[in-house]
Each structure stands twice: as structure tokens, then as C-alpha cells.
Amino acid sequence: MANLFSTEDRRVVPNWRSFGKTTVLGELDSFQLERREQRSPTSIEEYIIDWELNSGVTFASDLLSAAIVNNQLDNKSVIKAAKYILRNKNNASYSQVSLAERVINPSQNKKDAKSALINSDIETILSSINPEPLHQKIRSLKKVIKKAPSNSIAYVELSRYYSILGQEQKALHFINIALNLSPNNRFVLRSATRLYTHYASDNNDHLQHIYRILTKNPITKYDPWLLSAEIAVSTILNKHSKFIKKGMQMISSNKVAPFSFTELASGIATVELLNGSNKKSKTFFDKALINPNDNTLAQIEWASTKDSRFDLNPEEFRVENNYEAIALDSFQKQKFDDSLENAAKWFLDMPFSKRPLIFASNLASTILGDQDKSIMFLKAGEMSHPHDPLILNNLAYAYAQKNNTIEALAALGRISNYERIESSTRICIGATRGLIMFRSGNEEGGRRLYMEAIEKTKQIGNSELNWIAILNYAREEIFAKSEYVEPIMEAVSQIPENSGFLEVDILKKKIIETYKKGKSVPNKG
Amino acid sequence: MNTENAAHNLLNRTLSSGWFVKEKIKKTDNQTGSFFSVCYLVEKDGETCFLKAFDFSKFLTISDPNRKVVDVMNDMLTAYRYERDLSEHCKNKYVTKVAFVKVADEEMIPGYAISIVPYLIFDLADGDVRKKLDFSKKLDYAWRLKSLHDIAIGLKQLHAVEVTHQDLKPSNVLVYLSKESKIGDLGRSICRDIDGPYNKMVFSGDNTYAPPEIMYGYYEKDWKKRVFATDCYLLGSLVTFYFSGISMSALLRKNIPHNFSWEVWNGTYEELIPYLENGFSSALDEFEENIKEYKDRVELKKLVEYLCNPFPEKRGHPKTITSIGSNFNLERFISRLDYLKRKAEIAVNN
Chain X
1 MANLFSTEDR RVVPNWRSFG KTTVLGELDS FQLERREQRS PTSIEEYIID
51 WELNSGVTFA SDLLSAAIVN NQLDNKSVIK AAKYILRNKN NASYSQVSLA
101 ERVINPSQNK KDAKSALINS DIETILSSIN PEPLHQKIRS LKKVIKKAPS
151 NSIAYVELSR YYSILGQEQK ALHFINIALN LSPNNRFVLR SATRLYTHYA
201 SDNNDHLQHI YRILTKNPIT KYDPWLLSAE IAVSTILNKH SKFIKKGMQM
251 ISSNKVAPFS FTELASGIAT VELLNGSNKK SKTFFDKALI NPNDNTLAQI
301 EWASTKDSRF DLNPEEFRVE NNYEAIALDS FQKQKFDDSL ENAAKWFLDM
351 PFSKRPLIFA SNLASTILGD QDKSIMFLKA GEMSHPHDPL ILNNLAYAYA
401 QKNNTIEALA ALGRISNYER IESSTRICIG ATRGLIMFRS GNEEGGRRLY
451 MEAIEKTKQI GNSELNWIAI LNYAREEIFA KSEYVEPIME AVSQIPENSG
501 FLEVDILKKK IIETYKKGKS VPNKG
Chain A
1 MNTENAAHNL LNRTLSSGWF VKEKIKKTDN QTGSFFSVCY LVEKDGETCF
51 LKAFDFSKFL TISDPNRKVV DVMNDMLTAY RYERDLSEHC KNKYVTKVAF
101 VKVADEEMIP GYAISIVPYL IFDLADGDVR KKLDFSKKLD YAWRLKSLHD
151 IAIGLKQLHA VEVTHQDLKP SNVLVYLSKE SKIGDLGRSI CRDIDGPYNK
201 MVFSGDNTYA PPEIMYGYYE KDWKKRVFAT DCYLLGSLVT FYFSGISMSA
251 LLRKNIPHNF SWEVWNGTYE ELIPYLENGF SSALDEFEEN IKEYKDRVEL
301 KKLVEYLCNP FPEKRGHPKT ITSIGSNFNL ERFISRLDYL KRKAEIAVNN
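If you're matching them up, the sequences are chains X and A in order. If you use the UniProt record's numbering, the first sequence corresponds to residues 1 to 525, in order. If you use the UniProt record's numbering, the second sequence corresponds to residues 1 to 350, in order.
Read the hints as simulated data drawn from the structure, not as lab findings. None of the values given here were measured: they were computed from a predicted structure. Cβ atoms here follow ideal geometry from the backbone N, Cα and C, with glycine treated the same way. One thing to keep in mind: the hints can contain errors.
[Claimed, not checked] Simulated restraints, written as ranges between beta carbons of each label pair:
no., chain 1, residue 1, chain 2, residue 2, range
1, X, Asp337, A, Lys302, 50 to 58 Å
2, A, Asn66, X, Pro106, 31 to 39 Å
3, X, Glu34, A, Glu43, 51 to 59 Å
4, X, Asp337, A, Ser136, 52 to 60 Å
5, X, Pro106, A, Thr322, 39 to 47 Å
6, A, Ile114, X, Asn105, 45 to 53 Å
7, X, Asn105, A, Ser16, 54 to 62 Å
8, A, Lys295, X, Glu315, 51 to 59 Å
9, X, Glu52, A, Asn349, 38 to 46 Å
10, A, Asp222, X, Arg39, 16 to 24 Å
11, A, Lys295, X, Ile104, 30 to 38 Å
12, A, Lys302, X, Ile129, 36 to 44 Å
[Stated by the list, open to error] As a list, the in silico DSSO-like pairs of lysine-lysine whose alpha-carbon atoms are at most 27 Å apart:
no., chain 1, residue 1, chain 2, residue 2
13, X, Lys142, A, Lys319
14, A, Lys314, X, Lys146
15, A, Lys295, X, Lys146
16, A, Lys24, A, Lys132
17, A, Lys302, X, Lys147
18, X, Lys282, X, Lys255
19, X, Lys89, A, Lys138
20, X, Lys83, A, Lys132
21, X, Lys83, A, Lys292
22, A, Lys292, X, Lys89
23, X, Lys246, X, Lys221
24, A, Lys295, X, Lys147
25, A, Lys131, A, Lys97
26, X, Lys147, A, Lys341
27, A, Lys97, A, Lys302
28, X, Lys333, X, Lys282
29, A, Lys292, X, Lys147
30, X, Lys354, X, Lys306
31, A, Lys343, A, Lys292
32, A, Lys24, A, Lys179
33, A, Lys137, X, Lys80
34, X, Lys147, A, Lys319
35, X, Lys137, X, Lys379
36, A, Lys179, A, Lys138
37, A, Lys302, X, Lys142
38, X, Lys143, A, Lys302
39, A, Lys131, X, Lys80
40, A, Lys319, X, Lys146
From just these sequences and the hints, can you work out the full model?
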């Protein structure tokens, strides 16, 4: 069976996007509401007079220089000068023309920036399976680094591309270079936080490492975006962040822009929620919602699964790249097609992340019954997570559902280090083997493996997984028209009407329908 | 009594210094925006020069409630005295590539409320370098590099006598007989030994050409380091202008996202480091795009990179930075410009 999408452990870990996207989203803006020193505006009058007296491309471009430096690109004379340059393109340099174009078409510049945010539809995922464009980007970044070896932004970008390619060591190597070059920079530190959290496991001390970096950094306590990162990592480590009080003060200081403390407030709200202080949590989530980002909305969407008082409609907020929250919200509202569409965008937004993949593939496979889409997501995920047992299990499950037992077995065969796999995933792999056996005609073998899986889910006390295992097993017995249909349907009937798990409720409904219709076994491929 | 300004009525007069005022100039290349001055062409012994008359009656028209008339008068006097004294200070000190005051005198014009008109006479240039810079055809590298070499020498000569220009920009580069270039308008310069009008300012030049650290309100506390780092940047920005037609500040602003621009950024300069480095790297690439057919483009780009680094502590030639003495010594840049100039001249002659 497919492993479930976990809603247990969401924390406000920074999202990691390209530098361009992160900049456009405003997450790198200065958080201070006031400037330390005010500058009085500079007149560009003498440049206008010079151009009017002398004319010519050089005087026009000197005026344009003055205009862009002094933020006066909308001045009428400046626009006139820009038009003059464009009319005399042949007499102008590359930069003169390019600056003139920017003056004439300022919206184009904004559009270019916005276009960094636009993700395509589900079908785009197919193209993301091809690693060549990523290799091209890596090559061009290496050229940039060759010319500017201290450009830490380029190293972060390189690290991100390697993480998308699933090359953990290289991704960590380049993020460490960036950390050495710019140890106090928000973009570098938040990207590193996400990367180290992403690769954290029981077999390494990545979380401790990034925790130390964040807590010891002198900038952390001044920057709300870093405070929130530190609080997220502390919470994952089950530690009490020493910065919570500082964060609370910062939020109420009126010196920090609400957008800049949105993640900090939702991080503190999460801590309060985990401590059982739902009222306090609500207060901080409300603060976070003054001017939220996508991470905050996704966090509140997650919180609403714990306490319905946090429920909100994420689409009511004008927040860019708000795909995760909408995907989760649409799922809860059983708008599954919308949910899948947004999960695809969520994945394309952060292609190194496993959560959108597991969510989307599970939704496609288990609820929508669209195995092809599920396979598409999982194959895309295999690039960034090669040999990942969860992804490979879900891939095998989707193939087996299509009766393609050869590909299903091949996927399971790519799983290595079996002994290191988490128990719930191991149980799922066992059940998937059972499914493959059923679809291969070995009903007895399949039955035995499903029974084992059901038993193990009981042992680990995971009722959701237990019900999912029962339902999957029931479906196979129905398809097999075996003598065990009635006893397993008896077990199905014991699953509560409203189990508290939407996936269980929907699957149960489908199984009962299938049972009632007395569907026959599909053609075996 | 005539209430008109005496400084505006010098036309067709022969001054006591013997100069005949033959033409009034509405606006000149090298004296842009000078609020207190009126400009003329003057002639003596067949030589035509440029005269800047200080309009001391201008203070009467000041209607700024925040400024007292005596303060305005004081500003005018300081400006006049500073330019005069600075020329004196630099005289006989081998400052050859700077357009200095030829004559500093005053003229009595009876019948006016303020009848004394102090004036300064300078050599007459063909105009500022913007008239000479042509981007319509293949760039004239030899001429451009020769002009930049002249200016770099001029700047170094000023530095040698403890003067920093602070306002080096295309409109302050004067071209003589299409051959020689000199630095003009020292009105905003700062001299350690002369009490000038701008000595206490963080940056006295034109904000349009100011280095990024000034635009972001961050500056080096050490006066000497700050002002010399500024001149260094301004020279690099001038090189940028000669080959791209826009200043380095414009190029940099064009290549950094709006979120980090000096008009919106409220944070510290340190927080900006990687973003500015990234933007500067793109700005340099754009600069190179303008000279892509030039054989020595990599070296010219390096020159700009060293001179215009957005961080003053990294500004200057790497070999100079790592050795004892000022980071902003221009000697190495002068010799590289000389080398590039000669190479370009050979290419032209061949």
C-alpha cells in the first residue's frame, strides 16, 4: 500500500526557492520599518537642461543614469530622452539601449520578476523528470563562480540544483561554501536551514549542526526571519528555543514590518499549539495573518487539522506561491482535482521537497485512482530522492494498481538499506509486496503479506495505517472474488464512519461501493 | 540705484585685469548648476578664456525660511575663496591634468546695490567629454583610454597634494583641442589643508554618481579612507561611462532587484553584501557586453571591478590592498591604462 502523507510534524521551516523568486516574494526585504538615515531627494534638473541644450545619445544616457539612480524614471524628460535613444539605437551602446527600454517599459521589468513565480500545470512535471536543464544551469552557475568566486548567492543556487538532483554531498558542500562566505546573510542561512533539515535523519547530526549555526549567529536575534528558522529547528529537536521571548518582543515592538514577522509569529503559534496553549497559539496565528506568506498559511492549514478554530480559506489571502495551503485546504474540502493541481505547483515550486510528492502521488493513486499521474509525480521525485523507500514503495504501489507487476517489482528492487527504513514505511513495503502478489495471481502469498502488515500496524499502534491496510487488502480480495471477502468486509465495517482521516473515509466508501457492485478482477497486464 | 545684479552685466566691459568680456554663456558644460555664478567668455592678447562671476547679490533672492541671509552669504564667500585658494595651493606642484583658476580677481561695477563682482578665469575647453563620446560606430578605444589615463593622472596629482575631487563625472571632464583631458570643477573637492565649504560633509559630490555605500547611508568613519575610496569609485564609474554610456551606479542599480535598491532598503549595509556582490557581478557582465569586440575587454573589466567594488574595504588594486600604504593609490591603474592606451594606439596605427 502507499505510504500516507504525514500531517503530524509540520514546522515553519523556511521554504527554499531560487534567489530570484525569494526576492520577488519579499522574504529578503529589510525588516526594519524605518531607515537609519533619511536621504533628501536629488534633483536631476541639471541633467535635463544638459540634454535639452546639447541633445545626442550621450547626454540622453547621462540623464537616464541620473534618473535610475535617483528613482525618477517616470519624469517626462527622461521618457523623452529614452525614446530618443531608442530612435537612435544604431548610435547607442548595449547598456544605453537596455536602460532606455527599461524606462519606456517599466512594467516589463516587473513582469519578468513576476514570471519567476509562475509555475505551469501538472504536465510540466513530466519535463522536470529530465535532468539536463538542471545540468545546464549548474554549468552556467559554475561560470559565474569562476568570474566572481565570492558570490555566495551563486553557491546557494548551485546547492539547490544539486539537491533537486538528489546529490546530497554536493548540495551540502556548496551550501557550506556559501555559509563560509556570507555567514550572516539571511538568504544563505535560511537556505542552509532548509537543506540541513531536508537531509536530517537518525543517521546524521544535520539538525544539531544547523541549530548550532543559527543559535550562535549574532544576527539571528535581530532578524525575525532567522529567529523563526531557529525556533523551527529547535521545535524539531524538541528543544525550547531561547529566542521565543525575544521573538514575542519583536512582534509587539512596532518596529518590524508584519510581513517580516509572519513566519516568526506562526512559529511561536506552533510552539504554543504543541504545548497545548491553543488560545495563545490563536493570538500568534492572528498576528501572523496580518500580512502572511505561503509558509504561514500552510502552517495554519496544518494547525486547522489539530483544532478547527484555526480553519481558514487560504484563497482569501493575496499570497504568492500559496500552493501548499490551497492543496491541503482543497483536500480537506474534497476538491481533489484542485488539490492535485496545486500540489503539482507546490512540487514545481520546491522540486527538492518530498512532501508535495507524497501528498500528490497518494492523492492521485489512492483517492483519484489515477495511477499514471501518481507515477508521473513519483518518477519526478525519484530524481531528487533516488533510492528513497517511501517514493519507491508508492511507485511500486501505483504500478501494481495498473497491474504492471514487472515495473512494480523493479521499483521495490531499487530500495536499499532496508534495515534503516522507518517501521511504518517497512510495513507499507510489505503490504505492497502483497498487492503485487495478488496482481500476479499469487493470492495466497499476497494474503499472507497483507495479514502480516495489518498485524504490524496494530503492534505499532497506528490505527490510520491499520485501516488503510485493511481497506487495501479488502479491495484485493474483492477483485479476487475469494472466499475471504465476507470476513474482511466485516473488518471494513468496523472502521468508524468518520475515522478522523479523510483518506480512510473515502477509501472505505469506495471499497464498499466496489463490494456492492460486485466488480470483477480487472484485466491482468 | 540699479537693483539688477552686477554679475549679470559684465558684457562688453574690459575688466581691470585687462580681460574683455565678449560673450555671456547661458549654461556651460563645466559649471553645471552653479547657483551663485554667471559665466562669460573673455579675451585677452588673442586668448579666449572662460570667466565665472560670483553673483553675490543672489543671497537677496533667497527665500528659504530655514536659512539666514548671513549663512547664504557665507556659503558664497567660502565657495569663492575655496576655489581661489585651492588653485594657489596646487600651483607649482605638478598638478597638470586639472583645470585650475588662471586669474582670481574682482571688479567694481558702480551703480548696483552690491557693486563688487568677484570672478575666476579658467582656460577654455572644447566642452565636456560627453560631447566627444560617440557610440555610433566602433568605439575609439585609443582616444578613450588616453582621456581616462589623463584623468587618472589628474586625480593622482590631486591626491598627492591631499585634495580629493569627490565630484568626478563626465560633465567634469574637460577636453582641450580634442586631445588633452583635464579634471574640471573642483568646487566640491575637499582639501585637508584648506577650510572648504564641504569639508565636514560625508559626501560632497553629485548623488547621481555617488558610490553605493553613500547611497545606502553607510560610510567609513575614517575621513581619509572614505574620501579616497570615493574618488577611486568615481574613476571606475567614469571608465564605465566611457564605454557603456551609463554610470556604474546606474549599471549597478539596473542589476540589483528593486527590494535591495537604495531607495527602499532600510537594513544595514552588511546585510546587503551578497546581494550587492551578485548585482555587481551582473553589472560587470553587462559592462563587458558593451566592449565585446575589444581584445582587452577582460583587463578593462577587471579595472572597473577593482575601482568600483561596492565595498570600500575591497576597493582598489588587489596588490595595493595587500601591501603597505593606501588601498586607493591609483598608480597601478594609471600604468594599466597607459599600457592599454598604447596597445590601442598601436592597433589604430596598424
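For the range 36 to 44 Å, tell me whether the beta carbons of A:Lys302 and X:Ile129 fit it or not.
For X:Ile129 against A:Lys302, whose Cβ atoms are near 42 Å apart, the range 36 to 44 Å holds.
Holds or violated: X:Lys333 to X:Lys282, with C-alpha atoms at most 27 Å apart:
Holds, at about 22 Å.
Sort out whether X:Lys147 lies within 27 Å of A:Lys295, counting only the CA atoms.
Since the Cα atoms of A:Lys295 and X:Lys147 sit roughly 18 Å apart, the hinted pair holds (cutoff 27 Å).
For A:Lys292 and X:Lys89, compute the direct alpha-carbon distance and say whether it is at most 27 Å.
Answer holds: A:Lys292 to X:Lys89 is near 17 Å, not above 27 Å.
Starting from the range 31 to 39 Å, see whether the pair A:Asn66 and X:Pro106 falls in it by beta-carbon distance.
35 Å, holds
Okay, X:Pro106 versus A:Thr322 on CB: inside 39 to 47 Å?
At roughly 43 Å between Cβ atoms, A:Thr322 and X:Pro106 fall inside 39 to 47 Å, so the hint holds.
Holds or violated: A:Lys137 and X:Lys80, Cα atoms, limit 27 Å.
23 Å, holds
Do A:Ile114 and X:Asn105 keep their Cβ atoms within the hinted range of 45 to 53 Å?
Given range 45 to 53 Å: holds, Cβ gap about 51 Å.
Confirm or reject the claim that A:Lys295 and X:Glu315 have a C-beta distance inside 51 to 59 Å.
Because 58 Å falls inside the window, the suggested range holds.
Need the status of pair X:Lys137, X:Lys379: alpha-carbon distance at most 27 Å?
21 Å, holds
Taking 50 to 58 Å as the hint, is the beta-carbon distance of X:Asp337 and A:Lys302 inside that range?
56 Å, holds
CB of A:Lys295 to CB of X:Ile104, is that within 30 to 38 Å?
34 Å, holds
Violated hints for the displayed structure: none, as all numbered hints are satisfied.
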